[in-house]
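> For reference, the chains in residue letters:
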Amino acid sequence: MKRLAGFGFAVAMGALASTGAIAQDKVKVGLIVTLSGPSAVLGQQARNGLEMAFKDLGGKVGGKEVELIVVDDELKPDVAVTKVKGLLERDKVDFVVGPIFSNVLGAIAKPVTDSQTFLISPNAGSSALAGKSCNPFFFATSYQNDQVHQISGKVAQDRGYKKVYLLAPNYQAGKDAMAGFKRDFKGEVLEESYVPLNTLDFQSELAKIASMKPDAIYTFMPGGMGVNLVKQYRQAGLTIPVFSAFTVDEATLPAQGEAALGMFAGSNWAPNLDTPQNKKFVDAYVAAHNAVPATYAFQAYDAGLLIDSAVRGVKGDLSNKDAVRAALRKADFTSLRGSFKFSANGFPVQDFYLTKVGKRADGKYETQIVEKVFSNYADPYVKDCALTN
Amino acid sequence: MSQALRDDPAAAGEGRVAAQPRTGMGLLFRAWLPILLFGLLALVPLLAKLGAEGFIISLLTRVVILGLAAMALDLLIGFGGLVSFGHAAFIGIGAYSVGILSSHGQEDLLVQLAVAAAVSVAFALASGAIALRTHGVYFIMITLAFGQMLFFLATSLAAYGGDDGLTLSGRSTLAGRPLLKGDVTLYYLSLAVLLLAYLLCRRLVASRFGRVLRGARENEIRMEAIGFEPFPYRLVAYAVAGALAGIAGVLLANQSEFVSPAVMSWQRSGDLIFMVVLGGLGTLHGAIIGSAAFLLIEEVLSHFTEHWRIIFGPLLILAVLFIRGGLVGRLGRGL
Amino acid sequence: MSATLLMIQALNGLQFGLILFLIAAGLTLVFGVMDFINLAHGVQYMVGAYLTAAFAAWTGSFLYGLVLALPTALAFGLVLEVLIFRHLYDRDHLDQVLATFGVIIFLNEAVRLIWGAAPLSVPMPEALSGSIALPGGISYPVFRLVIIGAGIGVAALLYLLVNHTRIGMLIRAGATNAPMVSALGVNIRLLFTIVFGFGAMLAGFAGAMVSPILSVEPGMGDNVLILAFVVIVIGGIGSVRGAFLAALLIGLVDTLGRLLAPTLLRMLLDPAAASQTGRAIAPMLIYILMAAVLFVRPAGLFPAKR
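Residue numbers (my numbering), protein chains in the order written: chain U, 1 to 389; chain L, 1 to 335; chain X, 1 to 306.
Simulated from the structure, these hints should not be mistaken for laboratory data.
Every value quoted in this text rests on a predicted model; they were computed, and no experiment measured them.
Warning: the hint list may mix true and false statements.
[Unchecked claim] FRET-style restraints, in silico, Cβ to Cβ:
no., chain 1, residue 1, chain 2, residue 2, range
1, X, A10, U, F333, 56 to 66 Å
2, L, G170, U, D322, 22 to 32 Å
3, U, P196, X, W58, 47 to 57 Å
4, X, R91, L, L125, 25 to 35 Å
5, X, W58, U, K359, 50 to 60 Å
6, X, D92, L, A114, 53 to 63 Å
7, U, K359, L, T305, 32 to 42 Å
8, X, L63, L, R133, 44 to 54 Å
9, L, L125, U, K162, 47 to 57 Å
10, U, M212, X, I132, 18 to 28 Å
11, L, S169, X, T176, 58 to 68 Å
12, X, P303, U, N198, 48 to 58 Å
13, X, A75, L, L46, 47 to 57 Å
14, U, T275, L, L321, 57 to 67 Å
Think of the CB as a built atom: it goes at the ideal place given N, C-alpha and C, for glycine as much as any other residue.
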């Protein structure tokens, strides 16, 4: 048994070692997103999006074969650090795409960029990375987090709402969300309520809302929390307008169904956005996965196109990091959202929309564009960023 | 009872692993296994040069660090019969000692270690004084309660990242120099700490202190009858185990350069118990083997499939049903 | 903060407590009678919810879904008992904890493989989906009142079963001294199986009842399991009466604590600090409560006499 144990150990080590030892003439992309737990569906959307991009590119980026390695961050920052180190040190990837959640981004940004590997976020975009901690190795195909919350604040202000009730989970992204909403909203905030992360029963909150009678509600409740909030909101018989971000999206709508109809959200995209490439993408996604893509899928798809454009831009030579960065910075691809370029901090300059939940012709639910709220909008944190080019 | 009080450190924990044969081979093996284990751990970085060095080193560093915490837990479970379900809280204390001190500019490893150990001991004495009044499953649950309190305290530390945790600006320094920057250095430092802790625990369980602890596990009333009040012995064991896990927390924070409440979640406490039982209760080095087995199985399985838990779960059940006495017990029986 | 809000919150706490009781009742009996720590009890709650979701989607009605889910949850619990748990009764607690932990890991992942990672939704029966007006001008969802009613009904049924039937007598005797019951010629294995299946079904019932209001997702049983353990430890292991009182206590303390902690702290601190500290303390309250109870009564409120 002693020998057997030693043998087992050697096999395990060999299995771990072998993957890193192969000399590479292909481009390796690591994807780190949440694939387990209640929020796994968001990570699956991102994975589907990136896989579709590589498939549409014929399995190649910039003419070189691409290998995609997918890992699960389990929505635990500490796990994410270990997993991303595996991508960097074992798999020696050229690009890391991920994550979904900003707390995971906070944990993995340093190890990835310290190793001079490019990190492309298909969703999370914290204010620190947009501002004073901005980094030449970081790009986002999504947005700076505050912006999506600012949309609803702007709309609430424009529509003349006087009293608003704010509801978010008690963690950094939740507090950022509320701050983003309040940037353009000047009316009265009746209550800024924070519930513990992963709260599933909102009955107490709904009781408070019913007794305070606000003009509108703004909430940020990603994943399973949003599913419950929306269902319970309808069951409580409330009719106050609901504005949100990441609360009603195509990842959660299948579970929310009818209850989410008519709720508003802020976004940089919607499945019914009218560009030819987007129409093709949405149809292909629905055909392949029997589900409507959400922003996570589209932003990951764009991340795939971005990588392709950069590898093409440096003619496959990824050794010169400055050249790769310059090529990424150019964003020489046609984004599904149409107009797209990078600001100095690696975050997009793009349009933002107010969307509303509606029903598609095939009976599935999706968010649909109501109006454009901001045009070619760059996040304000860029002024704190020391990067210039 | 009489067996547990025998003056033989190697017999530690045999009250549970009753079926162990007393053959010459088995005895020889038990004496050599720890040496083999530490020797292997010391040599692996050289082997790792063949492949993805950085990754294997960081994986093994985690094995060693969690092995340290698990070994400390074995001191409680295997020798004291005290199943603590809140042991990860001490890892959290250690990790947050690093996080909080370094965010205020105090990056010296020795200071951080001292603070981590002191806070761990203080927390252990305070919570242990209450928890040790209870027995059996009530003890399990009350240690869980204290662990959860600390967990929620950490999530409310908004200045230090709250739920999200905080990224360290770098690893701890020693005498003002960044000596831990290299992964291999950190690995050997962790291994040295583990070895020291192992020797300390060996001494401890072989001493009169250890015999009282084991005696109280076997039969508390008889222990009291011959003049030993178990409570202070248990409390000291609880504090020692806490301090060692706190030190493991300091190392873990340095390894991942990241601190978050997740290091002290109840699931992490469960993982530690699992490592101890998988490796073999009451052996000390069994906990280290358990930690290695746990992390390597997880790593290898998750390499094959995203749904690795569907294999991991049944493995766990089979291990419990068929490997009595843990891996060490199995190895000792020569199979 | 108004009195009506306080009353609504008390109702919410009661409803939460009763759900906890449905789960804790089986757990405390299995633990008390068989001396078996079953961490996998939480997945019975999850399985109940998933079965209801699946059957409700199939039949198009929550009620039919519930009716079909209950016997299936019972059968599922019995299969687990025969396949795995039966082999663990004579092991020590640690082995039981680990093996049943393995069952949790397996089933959480299996559910994810079968139904996907996305949360499922269960349509609420039309007749119960509205709200009714309570004195004080605030409306309260009918379905939550149904949960409260069902919880109280099951509690009453359990009380009769445990205190006034022959099988209840055997269960009580088993919780006090199982070997003696066995020595008196009772088929203890059969008793174990009955208790186990019944407990599994109660947890499944809890899962089924919450499926229309909470999202049905992998791992939904894990946190509930920890709370159920807190309940049975406070109540005293093996005591259904203890579990009932402790479940209501935990439900009320947790729900009202979140409302009251910031308000009460506002008397001591400035508003911002009060709301920050209150949010920190609220989730700790039940654990502080448990530590306090065990400090005063190391074997819970109603320890089974041994």
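> Against this structure, judge whether each hint is valid.
Structure-based check of all given hints:
1. X:A10 x U:F333: 56 to 66 Å: 57 Å, holds
2. L:G170 x U:D322: 22 to 32 Å: 25 Å, holds
3. U:P196 x X:W58: 47 to 57 Å: Check failed, 35 Å falls outside 47 to 57 Å.
4. X:R91 x L:L125: 25 to 35 Å: 33 Å, holds
5. X:W58 x U:K359: 50 to 60 Å: 23 Å, violated
6. X:D92 x L:A114: 53 to 63 Å: With Cβ atoms ~38 Å apart, the hint is violated.
7. U:K359 x L:T305: 32 to 42 Å: Check passed, 37 Å falls within 32 to 42 Å.
8. X:L63 x L:R133: 44 to 54 Å: With a Cβ separation near 49 Å, X:L63 and L:R133 satisfy 44 to 54 Å, so the hint holds.
9. L:L125 x U:K162: 47 to 57 Å: 55 Å, holds
10. U:M212 x X:I132: 18 to 28 Å: 21 Å, holds
11. L:S169 x X:T176: 58 to 68 Å: 59 Å, holds
12. X:P303 x U:N198: 48 to 58 Å: Check failed, 33 Å falls outside 48 to 58 Å.
13. X:A75 x L:L46: 47 to 57 Å: Since the Cβ atoms of X:A75 and L:L46 sit about 56 Å apart, the hinted range of 47 to 57 Å holds.
14. U:T275 x L:L321: 57 to 67 Å: This hint holds: roughly 58 Å between Cβ atoms.
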